[in-house]
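Here the protein sequences line up with chains A and B, keeping their order. Taking the numbering used here, the leading residue of the first sequence gets 169, the next gets one more, and so forth. Taking the numbering used here, the leading residue of the second sequence gets 2, the next gets one more, and so forth.
Honestly, the hints are just simulated from the structure, not real lab data. Here the structure is a predicted model, which is why all the values come from computation and not from measurement. One or more hints might be untrue.
[What the hints assert, rightly or not] Derived, one-sided and incomplete: chain A residues facing chain B with beta-carbon distance under 8 Å:
hint : residue
1    : Gly239
2    : Lys248
3    : Glu266
[Said to hold, decoys possible] Beta-carbon label-pair distances, calculated as ranges:
hint : chain 1 : residue 1 : chain 2 : residue 2 : range
4    : A       : Val202    : B       : Thr216    : 54 to 62 Å
5    : A       : Ile205    : B       : Gly203    : 44 to 52 Å
6    : B       : Gly162    : A       : Asp208    : 19 to 27 Å
7    : A       : Arg244    : B       : Lys92     : 51 to 59 Å
8    : A       : Asp223    : B       : Ala40     : 18 to 26 Å
9    : B       : Ala40     : A       : Ser257    : 52 to 60 Å
10   : B       : His95     : A       : Ile280    : 54 to 62 Å
[As the list claims (entries may be wrong)] Rough simulated footprint, nothing fancy, chain A against chain B, three-plus residues with beta-carbon under 8 Å:
hint : region
11   : 37–49
12   : 130–144
13   : 167–173
Built from N, CA and C at the ideal position, the CB exists for glycine as well.
If you want the building blocks of each chain, they are given just below.
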Amino acid sequence: MKRPFLALCTVLTLLSSAAYAGDDKMSARAPVPVFRINTDKGDKCVEPEDVMRRDHMKFILHQRDKTMHEGIRTTRHSLKNCIDCHADSKTGSVLGKEGFCESCHAYASVKIDCFECHSSVRETSAAKSNAGAPLSSVRAPNAASKNAGVPVKGKKP
Amino acid sequence: MSINRRQFLGLGGAAVAATALAPGLQLIELAQARSPEEAASSLHRWGLLIDSGKCADGCTACVSACAEENGLQSHGRPATDPQWIRKVTLKDKHTGYVQNLPLMCQHCEEPPCVDVCPTGASFKRADGIVLVDKHICIGCRYCMMACPYQARSFVHEVTTGQKAHAPRGKGTVESCTLCVHKVDRGDGSTACADACKKDGHGAILFGDLKDPNSTISKRLAAQASTQLRADLKLNTGVRYQGL
C-alpha cells in the first residue's frame, strides 16, 4: 500500500512542476512522465530512490567500464538489470511514450543514446520479437537461443 | 542465510578436500566458474583449435550459430552485412585438393587492431580476448585495415533485435568476441564450437591455452598446429590443424 502511494506522490510532484511551466494548454503540449513503476519484481530499487534519480547514469557508466574491460558482470548496477525490472509490462520495453526511461528523459529533454546499441526490451521478450531476417534463416534456431532464458545452474546472479 | 549442522560439516569437508588437492586442480575449478564480481584474469588465455580436416564442405553451422547467438541480422546486402565468422575454401591449384576452414578474429597476443586504434576502443582483455568497446569506437575503421585476417566488420545500418548480452550499433566496428558473455558465465565453450559439435564435426575446440591440463593445451602439445600468417609474429589465440 505504501509503494503505490509514494509513486502517486512522485507523479503528482512531477505533474505540478510541469503545470507550473504554464497554463492548461501548455501542460497538454509539454511531455510529462507517465511511466508506471513495476512492482512485480520487488518494491525496492537497488539504491534509494533519491540517489537513483540523481546518479543512475553514474552507476551505469561505472558498471559499463567494469563489464566491458574487466568482465565483471555483477547485476546490481547493470543496464540489463534496470531493463529487466523496469520494462513496461505490456510492451516489455523501457522505451515508448510510457516507457520507464523514455518518458522521463523526454520530459527532462535529455537524449538517451544507450538504446541505439543496447536492447531496450526484457531479455525474454527480445528473443520472441526478433524482427528482421536473421542470418540463420537457412537453419533452424539452435539450442543456444532456446536456452537464452534458462538460468545457469550453480551461479548466483 | 542460515546454515544447518550437516551443511556446515559438508562445507568444512569440501574445504579440507580442496586444500588437499593440487593447486592446479583448483585453478581448473576457477576457470569453469568465475564469480560475477571477479575480473578476467591473465592466468587464463582463451583460444580455439580448429581442425580443418574435420570442417565439412558446404556446412555453415558455425556461421549460423554465431549470427543466432549474437543477434547478427542480414539486410540482404552481403558486401556490407556483418560477418564475425566466415567459411574459407582453400584449393591447391596443382593437385586440386580442397580444404575448408572457419575464419574469425584470431585473438592475437600482439593485436595490430589495438596498435592502430586512435581512441583505445580496440583492446585486449586480461584473458586474451580482443574486443571493441563500442562506447569509445568512433567508426574510423583503422582496425579493419590493420587486421591481416579481415576479421572485423563495420555496422553500416541501424540495428534491431540485438541480444541483451551483445549490444551492437550503427557506426561502430565489431568482430568475434570469443562469446565473451559465455566465457564470463563459465560455459566453457563458444556458440560456433557448440554448433560444430552438435552437427557431428567437432572441428572447433575452445579452451584455456595457459592451463596445461586443458584439452586444447594437451592437443596443442601432442599434435602439429599452425598459426595463420605466423610470419607476422602475432601469436594468435586461434590455432589451426591440418593446413
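Status of each hint after checking the structure:
no. : hint                              : verdict
1   : Gly239                            : 4 Å, holds
2   : Lys248                            : 5 Å, holds
3   : Glu266                            : 21 Å, violated
4   : Val202(A) / Thr216(B): 54 to 62 Å : 55 Å, holds
5   : Ile205(A) / Gly203(B): 44 to 52 Å : 49 Å, holds
6   : Gly162(B) / Asp208(A): 19 to 27 Å : 25 Å, holds
7   : Arg244(A) / Lys92(B): 51 to 59 Å  : 53 Å, holds
8   : Asp223(A) / Ala40(B): 18 to 26 Å  : 23 Å, holds
9   : Ala40(B) / Ser257(A): 52 to 60 Å  : 35 Å, violated
10  : His95(B) / Ile280(A): 54 to 62 Å  : 59 Å, holds
11  : 37–49                             : holds (count 5)
12  : 130–144                           : holds (count 4)
13  : 167–173                           : holds (count 5)
Checked against the numbered hints given earlier, the structure breaks hints 3 and 9 and satisfies all the rest.
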